[in-house]
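2 protein chains.
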Amino acid sequence: MLMQPAEVAARPALIDNIRAAARNMQVSGIVEAMKHGFGRQGLIPLWAGEGDLPTPDFICDAATRSLKAGETFYTWQRGIPELRAALANYHAQHYGVAPDPERFYVVASGMQAIVMAFALTIGEGDEVVIPTPCWPNAGAAADAAAARPVFVPMTPGENGFTLDLDRLARAITPRTRVLFINTPGNPTGWTATREELRAILALARKHGLWIVADEVYHRFYYGDAPRAPSFHDVMAPDDRILFVNTFSKNWAMTGWRIGWIEADPSLGQVIENLIQASTSGVAVFMQRAAVVALERGEGFVAHQIERARRGRDIVAKLKDTGRVRLVPPMGAFYQLLAIDGEPDSRALCFRLIDEANIGMAPGTAFGPGAEAYLRLCFARSPESLTYAVERLTAWLKR
Amino acid sequence: MLMQPAEVAARPALIDNIRAAARNMQVSGIVEAMKHGFGRQGLIPLWAGEGDLPTPDFICDAATRSLKAGETFYTWQRGIPELRAALANYHAQHYGVAPDPERFYVVASGMQAIVMAFALTIGEGDEVVIPTPCWPNAGAAADAAAARPVFVPMTPGENGFTLDLDRLARAITPRTRVLFINTPGNPTGWTATREELRAILALARKHGLWIVADEVYHRFYYGDAPRAPSFHDVMAPDDRILFVNTFSKNWAMTGWRIGWIEADPSLGQVIENLIQASTSGVAVFMQRAAVVALERGEGFVAHQIERARRGRDIVAKLKDTGRVRLVPPMGAFYQLLAIDGEPDSRALCFRLIDEANIGMAPGTAFGPGAEAYLRLCFARSPESLTYAVERLTAWLKR
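Heads up: the protein sequence lines correspond to chains A and C, in order.
Using numbering that gives the first Met the number 0, the final residue of the first sequence is 397, and nothing's skipped along the way.
Using numbering that gives the first Met the number 0, the final residue of the second sequence is 397, and nothing's skipped along the way.
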């Protein structure tokens, strides 16, 4: 590069020349906390949305075998047929109907599934309604699309957060295109009942809206059923529902970046075009691993769920301190908690990193309604969670 | 799913309810040809932008080791520090300056690098100028962003395609934000000289435009130098240039989906936010493989380039048929060729699949200017290319 000082001085900063929608995106409040605590010896990391178990060997080995077999070339943009078939079988197993494998599209993460769902439905100036507290990346994806996330704060109460359906309805405007519904919810654990799902669907039908259904945590459900209620239970074939999902949570594959969209086959060519023009498919060796996860991973998933259930109970003991308010969630694997006399979760989060060596995510990261809360991930070993509870209890008594 | 026939009849088709920018995206003409020929016994596949060598074992083994070490968790959104450092070293080696590792951002394919570069620079109604014939996905990415690709046809001549810089300048309007410059070019092999790069840069400076520089094929150069001329050779530090690149071609990693952006560190947080809200990073085990590719892959890259050079010579023999017009390209690994009396490349492409069992890509896939051409990928074994030349020669004499 040739340095030309005169020109350097004459021109405006590069950052001022980029697109406003990109420049104005918020820094993730979760990542901000993680950066603050990076590299601290002995810190207990409960901030991220992932457990502490690595991907099981039998899943990794499938990727290794595929690499050894030379499966390193371009592949089907919608996903390899074996994975689409395995996804259909998985859905048949959990939702009681055998869907067409053509409904499934393999993408490079649950995050990308959301981006694709938004690319299908919203553009500049359109609105997507998002109940909050909610995982920040949904709103960020709307921002990146130059659309407007319209946040609908849920109502905190004795049984945790609830969604006021009238308030949801009032947030709909002529610019609304999408309801983004994450159930079980991250970070709240809010889990829509079948009746609530029917009511949300009725609202979408009435206003001609799409539902982007993020049911990533459907297996992590602490009610009296093997999974959370789903839009699969209440929808008709022509409903405008796009399901976004991921291999990250059930199979401890957060680092892999592989997920899927479930959508009507009539959208297949458009979704393929979007995949082609975004990341152009997912590595075959990753997809082979995903097939094995679906076909042989049920034991591991059951182990993870049981572990999360235990983790949830351990964390609930924080109530004994008398200063921590929390309601054990119905689903997902996060505990929102508030500490009496500490309304600023961002400041509290940084102090707990510095003073108690515990990493949690500040509620401020999750949109309106969670400002006073911290998010703690309990998909971890009982030992480390017990230790975290002890440390936090000691800090509260200091 | 509950079937509700009355409602099904009452509501419009799902496809009519998706966003126009997505619905109107073109089907890839390359994929269309590949689907036509899928599964044919003995077909020689010269249609895709990839060679016939799988990723070398020493690169795959690095991914396997990382998986075995349990590197399956979320990671740095900008890429692991080791890979960013390796990218900086690689650039130092090939461009003669040692750049700041903070200039490099690891993304999920060269394709995603383009999407990110566009997300930084163009939105609804903005224009991106693209010389054609050009790889279709650049225009498709602009379409997906609801921006307008403005195609500037290059000029075919005795020395292949050339870019008329006055014509490029005339395509610039007040809505123009980006010049997309792919050199060496896919499919033309057009390779900008240093003087041409300076002239394009002057145009960008004059109009305050960004250059998205796709120099993916920089090593595949058949001129009298170890690499093609680059914007690295002529730029100042504050120039608005975003480089997009990939591991796909040099290291035979097309199926992996890993690439990088090179941009000024002042854009780092914005790029990180975009990565977070698109695919949320690239698997660590892929990045470990990419580090090994950069650090130990030079021998393999040299082998691939030598093979492509030989392939280029073999394919040039098609001129001996007297019916094939072609100019051996200065860079990349594609031969554009026209057959006398066959002006419709799409129809010709399908016929050659059906009648000669050779798969090429139709020029119609590459925007205005290549309608009469076929694209043939010569990054393949001399044996299969020789066989393809023989078959095509026989077909021409039939």
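Hint data in this document are derived by calculation from the structure and do not stem from the laboratory.
This one's a predicted model, so the numbers in the text were calculated from it and none came from an experiment.
There's no promise every hint is true.
As the list claims (entries may be wrong) - Calculated cross-link-like contacts (lysine-lysine; reagent style DSS-like; alpha-carbon spacing at most 30 angstroms):
1. C/Lys34 / A/Lys34
2. C/Lys34 / A/Lys67
3. C/Lys205 / C/Lys316
4. C/Lys67 / A/Lys67
Hints violated by the structure (listed by number, smallest first): 1 and 3
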